[in-house]
Amino acid sequence: MLDTLLWWLTSPFDYAFMRRALVAALALSLSAPILGVFLTLRGMSLMGEALSHAILPGVAVAFMLAGFSLPLMMTGGVLAGLVTVALAGGVTQFSGLKEDAAMASLFLVAMAAGVLIVSLSGNALDLGHVLFGTILTVDSRTLMLVAVASSAIVLGVAIAFRALVMECLDPQFLTLQGRHAGWTHALFMMMVVLSLVVSFQTLGTLMAAGLMLLPAAAARYWSQRLEGMIAIAVGLALISSVVGLLVSYHAGLPSGPAIILLAGLGYGASVLLGTHSGLLLPYVRAKSAVAPGHAKLRQ
Amino acid sequence: MPVEQSSRLELRDLQLAQANRTVLEHVNGRFRDGAITALVGANGAGKSTLIQGIMGMLRPVAGKVVCAVPKERRAWLPQQLALDLTFPMSVEELVMTGSWPSHGALTGYCARHYRRGREVMARLGISHLAHRPLGELSGGQRQRALIGRTLMQEAELLLLDEPFANVDVETVEVLMTVLQQMAADGATIIVVLHDMEQLARLADEVVILNHGHAQWTTAREIVHSRPTAAESARLALGIPGVGA
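Chains as they are written, first to last, in our numbering: chain A, 1 to 299; chain B, 300 to 543.
What the hints contain is simulated information worked out from the structure, not anything from laboratory work. Among the hints, erroneous ones may be present.
Stated by the list, open to error - Residues of chain B clear of chain A, computed beta-carbon distances all greater than 12 angstroms: (1) S306; (2) G333; (3) G362; (4) A367; (5) E371; (6) P400; (7) H402; (8) S437; (9) Q440; (10) R448; (11) D460; (12) V468; (13) V471; (14) V477; (15) E496; (16) Q497.
To be verified - Chain A stretches covered by chain B per the calculated footprint, using a threshold of three residues with CB under 8 angstroms from any CB of chain B: (17) 156-168; (18) 224-236.
All residues carry an ideal CB built from backbone N, CA and C; glycine is no exception.
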């Protein structure tokens, strides 16, 4: 029994492509959920999702120009993401349209443009690759980029942590100290775009935001402390990544969706069982409140 | 206006606008060190605009704000609605954020900071709430925690926007005492008020905003002597009279 379990857990990683996929998924799991926690706290979860689609045209143009060159695709993605964020910010500031509406409109256009560019330049396989990612084809160079980007994000959050916290809680406090809240916001959005671009290779544009947002949303049901939420979100992402890869290997399922579905399972379980606002919490509390009475009656 | 007394905050022919509409113009005056200045006026008179101008969040159309208080010693107590109350932060953590401006972004807290944080919470009567999340506090408790942040910051210029709105009587008393102590220690305090009784008890000086202009007077004048000033204040506050 133990041998079987050990085989189930380790045998997939006899293959180099699985080991690289594991390291890529773990690197993403260590950085993306941290940004996800801040996105959910700002009420910007959908913004993260929208951004993951907004990077598509940049990636597609890079793909068209240079084939599958990850550095160029990343550069294109970052540029497209930043242009979309800047446009959404500009439209919001000058026309008064709310940022989410501006972002939603722009990301739909960006997504359509991206799909069109990929369709014109490649074949159905390329489009599938762009939309759903291929974590199992991550090579050493890509892995290095994912690791460097994830490390940069963790470092960036660590350095800007207090400013990020204050920008969420009380932006005017930052402004009064001469630290413009807009710069903190811009730095944060740049890190989100970078994270989405590196996730894009492994999980595809349709699911890149999944590893960022699902564990973060789940963590709110387990902790009321920021550090606790970050730790839980990262932990859940790590578990989803490892188990998702294992399940996908043994059951012959696509890896990206398996990882995201497991994170979704974690989210569903948290909504039901979470210790803070979990749906089943009132029933559990009622049961434990009744239990001592029963004990007394028995005595 | 007692110009001979020391002042680290001065407004010189200040003109402020919102959305290309002039809200305040030709505002001249000094906020005295160690005094509590009440900012009064009807809704839309420009109280928040003036605060934004003083804070540097709103660029003046003309004139300028001269402030000699270093940025890390300027504190701002927003209206409670301006805060994200769902943010996962405890009272102690909020109070400790007051040390960030002078302490830096990367340095951790040391024993001295925690000791000071505990002293501040004890002074405000919120020690027992230290580990409670912000979202579970009453309006009064939250306001005490926010004042705790400014005490932690050792603020020398403090701007408060309706600090007594939606808070309990006991909290009003605690906050008034703390603000008076801060002023006695030399801090410049500017507070937006709507309640004349609170103004009479707390303020030393009063700035009345009316029809785009600012009029400097003292609380004593408003409460006791000059009917014109009193009339202006009543008009600005939209209340019938002053219980002197």
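### Query
Going through the earlier hints one by one, which of them does the structure break, listed in rising order?
The structure breaks hints 5, 6, 7, 10, 11; every other hint is satisfied.
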